[in-house]
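> Residues per chain are reported as follows:
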Amino acid sequence: MSCERYRTAIIDHACGADLSADAAAHLQSCAACTVLFDEQRHALDAIDRELQQALTIAPSARFVQRVLARTREASSPTPRMLWALAAAAAVVVIGLAAMRWTHDTAIPPTGQVTQAESPAAPAIDPTPAGKAAAPHDADIAKAATHERSTQAATPPRTKPSLPEVEAIVSPEQARAIERYMALIRSGAPLPANPAPATDGGSEPLPLLVPPLSVEPLTVSEAGTGPGTSTSRGEDLL
Amino acid sequence: MHESVTRHPGTLVTMDADLEREFEARLQESADLAVRVAYGVLRQQQDAEEIAQEAYVKAYRSFSSLRDRGAFRSWLVRMTWRLAIDRWRADRSRVAREQTWAAAPEMTPESVASANQRAARLWTAIDELPEKLRQTIVLSAIQGYDVREVSALLGLAEGTVKSRLFLARRRLAQRLKCLVNDTGRQ
Chain B
-14 MSCERYRTAI IDHACGADLS ADAAAHLQSC AACTVLFDEQ RHALDAIDRE LQQALTIAPS
46 ARFVQRVLAR TREASSPTPR MLWALAAAAA VVVIGLAAMR WTHDTAIPPT GQVTQAESPA
106 APAIDPTPAG KAAAPHDADI AKAATHERST QAATPPRTKP SLPEVEAIVS PEQARAIERY
166 MALIRSGAPL PANPAPATDG GSEPLPLLVP PLSVEPLTVS EAGTGPGTST SRGEDLL
Chain E
2 MHESVTRHPG TLVTMDADLE REFEARLQES ADLAVRVAYG VLRQQQDAEE IAQEAYVKAY
62 RSFSSLRDRG AFRSWLVRMT WRLAIDRWRA DRSRVAREQT WAAAPEMTPE SVASANQRAA
122 RLWTAIDELP EKLRQTIVLS AIQGYDVREV SALLGLAEGT VKSRLFLARR RLAQRLKCLV
182 NDTGRQ
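If you read the sequences in order, they're chains B and E. Just so we're aligned, residue -14 is where the first sequence starts under the working numbering, counting upward by one. Just so we're aligned, residue 2 is where the second sequence starts under the working numbering, counting upward by one.
These are calculated hints, taken from the structure and not from any lab test. One or more of the hints may lead you astray.
[To be verified] As a list, the in silico SDA-like pairs of lysine to any residue whose alpha-carbon atoms are at most 25 Å apart:
{"hint": "1", "chain 1": "E", "residue 1": "LYS178", "chain 2": "B", "residue 2": "ASP30"}
{"hint": "2", "chain 1": "E", "residue 1": "LYS163", "chain 2": "B", "residue 2": "HIS27"}
{"hint": "3", "chain 1": "E", "residue 1": "LYS59", "chain 2": "B", "residue 2": "ASP3"}
{"hint": "4", "chain 1": "E", "residue 1": "LYS133", "chain 2": "B", "residue 2": "ASP(-3)"}
{"hint": "5", "chain 1": "E", "residue 1": "LYS163", "chain 2": "B", "residue 2": "ARG(-10)"}
{"hint": "6", "chain 1": "E", "residue 1": "LYS178", "chain 2": "B", "residue 2": "GLU24"}
{"hint": "7", "chain 1": "E", "residue 1": "LYS178", "chain 2": "B", "residue 2": "LEU4"}
{"hint": "8", "chain 1": "E", "residue 1": "LYS163", "chain 2": "B", "residue 2": "HIS11"}
{"hint": "9", "chain 1": "E", "residue 1": "LYS59", "chain 2": "E", "residue 2": "SER152"}
{"hint": "10", "chain 1": "E", "residue 1": "LYS59", "chain 2": "B", "residue 2": "ALA69"}
{"hint": "11", "chain 1": "E", "residue 1": "LYS163", "chain 2": "B", "residue 2": "GLU35"}
{"hint": "12", "chain 1": "E", "residue 1": "LYS163", "chain 2": "B", "residue 2": "ASP3"}
{"hint": "13", "chain 1": "E", "residue 1": "LYS163", "chain 2": "B", "residue 2": "LEU70"}
{"hint": "14", "chain 1": "E", "residue 1": "LYS178", "chain 2": "B", "residue 2": "CYS(-12)"}
{"hint": "15", "chain 1": "E", "residue 1": "LYS163", "chain 2": "B", "residue 2": "ALA31"}
{"hint": "16", "chain 1": "E", "residue 1": "LYS163", "chain 2": "B", "residue 2": "ARG(-8)"}
{"hint": "17", "chain 1": "E", "residue 1": "LYS163", "chain 2": "B", "residue 2": "ALA69"}
{"hint": "18", "chain 1": "E", "residue 1": "LYS133", "chain 2": "B", "residue 2": "ARG26"}
{"hint": "19", "chain 1": "E", "residue 1": "LYS133", "chain 2": "B", "residue 2": "THR(-7)"}
The following block holds chain E by itself, in its conformation from the complex (with noise of 0.2 Å):
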């Protein structure tokens, strides 16, 4: 198909119509996944949305290359967490002072605490999480844990996948104390 982007100086780009229908469909159709990817490390509506649309706006720029479905999600999502944590980094002092972190009973798997409690918990022992290990543990509750989707959004094996999952469920269940019967491995 022919090239129907034009360039101009600076940061003007414009489409013709069937590629700017085509930019549309692929926005609503990936508008969940953007926005939950960012707000996977965000954990703040308004932001997530700010840096999903600001993940468009370059894919948008972008867009003759990655009209492949499977291209333009994987490169969203890679886009959409790269811009996620560049903001999370430069916001983390005051995210550190939001998330309190109360002193955690002991857990066992049959005890209960509250909801926001425990989300709490469970999301400042993810921020923990190694970068590759978040970001796959992430995407994989988001893609309702589903390997190979997430094989393909990560541009990963399938292999190294199920590893890095395996990795960060350990740590996250350390951290949570849930190991069962934990005889004090780290």
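Chain B with its partners taken away, still in its complex shape (with noise of 0.2 Å):
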């Protein structure tokens, strides 16, 4: 029979399938496979509603102000983010100041050479007293033309803050220098009276300040006679 042939389409066409033209046709014209149909149809029809009805439940009424508290939750910054943010923080800034630390602390590459090399340092030449004589504005020119190229070709590795001077010098030294540049920058007169100047600070201020691990130039003009030297670059301050 054809009812056969079609039972199995029709029962689909109740789930939603289509229905081919052939058995729309038979559908249409045969009373059992109509009420084949409609009992299915009523069936799924009750699972659909069934469905439906379970499925319609309202969210609870403070759930809208629920979800905005946790996306403003979100967008608020918790106590251990902050912690964590300052800790990231506090870890940058110490690591950058140990990378300057660092350089700061390292030996230049031009290492240290003589006071008799170096014309930054002009020669000692000590009176009759001891007392160191005082450089010449020629000399301190020189230095600072000496200092200039030096800068000049050696590659800049960062911007220091003393002049590069190639010589191994103390701090106290170094910040003679730094006051004797000072003087030459601003082209004030220099003193020429070999007696320590001040600066109007607590510290003397030194014309010259030779290098520590040089020994200092024997003059026997001064008729000090040979081996006579001041060995000690403070005797000179």
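Two chains, two frames, some hints: make the complex.
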């Protein structure tokens, strides 16, 4: 019978499948198959209604407020986040400071030079009293020129806070050199008096600061005889 | 429109006032949909609302790309479903114990069973469907079986939605023994 032939298609059609033209024609003309279709459709409609009814729930009254509260939390940093950010920032700052400190305390690559090689330290001409002669303006200018050329020759690493001098000096000597350079740059007249001058601060302003690592020159004109030397740079200050 | 969402390291997101208002409007409009989608998987209102909240928080973080109404609803449905399924799978053993399957009486289209028993059997049968069919029939029930709306939410062609609906209904009818004159086809 044709009903058997179209039964599966009719049931599938009740479930939502499309129906072929000949099956549709049979369904229209066959009362039994129409009853079959209607019963199947009724059962599936009941399932659909059951499901729809079960899913017709409403969110609780405060659902929207709770969602908004959670989104506000998502946009506000928690104390833990703040601590984590602060710790990360501290690590970065400490790292940068350590890098800077390492750089500042590094030995200059050009090493030390002797007084005799460097025109930055003019020759010492001790007076009979053993005191250093004041460097002449030309010598200081020569030293400044050498320093500038040295700086130009040396590949710049970072901008130093003190002038780059090719000598190993103590911090006090370094400060003294800095003061000399400031005087030179300012164009102020340099004191000729070998006596240490003050700059108004607590520390006397030295006129000449030779490197400590170099043996001073022995001068015979002053009648001091061979071997006489001012072996300690501090005596010249 | 300019990008008005600022992203911070980690999970911080800030929005300007216009975007906040827009998000709140979307939330009001789609709250029912999100909760129902989650409920369609979990069948516990509290759990469903928790899942829906999570989905909205994720939507909040991505809202600059979800401002279109259609895109927002579609994204929300898929995300809510995914979160709900993940939760459901994690709790599956507990859920299986809670949803006892009583021996089903022979059911004909005319038989009357208690509403709770029928509902329990129905949900168990839905849970046994393949995920794509399950999602389609649940969403169709939520949307009143509007094929066009469901296809927009799932990002599928209407023919695909119809096909999945058909397969889901057939399997449910077989499982619930609702096929009229079933000759033993499975």
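> Decide, hint by hint, whether the structure agrees.
How the hints compare with the structure:
no.	hint	verdict
1	LYS178/E x ASP30/B	holds, 14 Å
2	LYS163/E x HIS27/B	holds, 19 Å
3	LYS59/E x ASP3/B	violated, 40 Å
4	LYS133/E x ASP(-3)/B	holds, 19 Å
5	LYS163/E x ARG(-10)/B	holds, 24 Å
6	LYS178/E x GLU24/B	holds, 13 Å
7	LYS178/E x LEU4/B	holds, 23 Å
8	LYS163/E x HIS11/B	holds, 23 Å
9	LYS59/E x SER152/E	holds, 23 Å
10	LYS59/E x ALA69/B	holds, 23 Å
11	LYS163/E x GLU35/B	holds, 20 Å
12	LYS163/E x ASP3/B	holds, 9 Å
13	LYS163/E x LEU70/B	violated, 52 Å
14	LYS178/E x CYS(-12)/B	holds, 22 Å
15	LYS163/E x ALA31/B	holds, 19 Å
16	LYS163/E x ARG(-8)/B	holds, 20 Å
17	LYS163/E x ALA69/B	violated, 52 Å
18	LYS133/E x ARG26/B	holds, 23 Å
19	LYS133/E x THR(-7)/B	holds, 24 Å
The structure fails hints 3, 13 and 17 (numbered hints given earlier, in ascending order).
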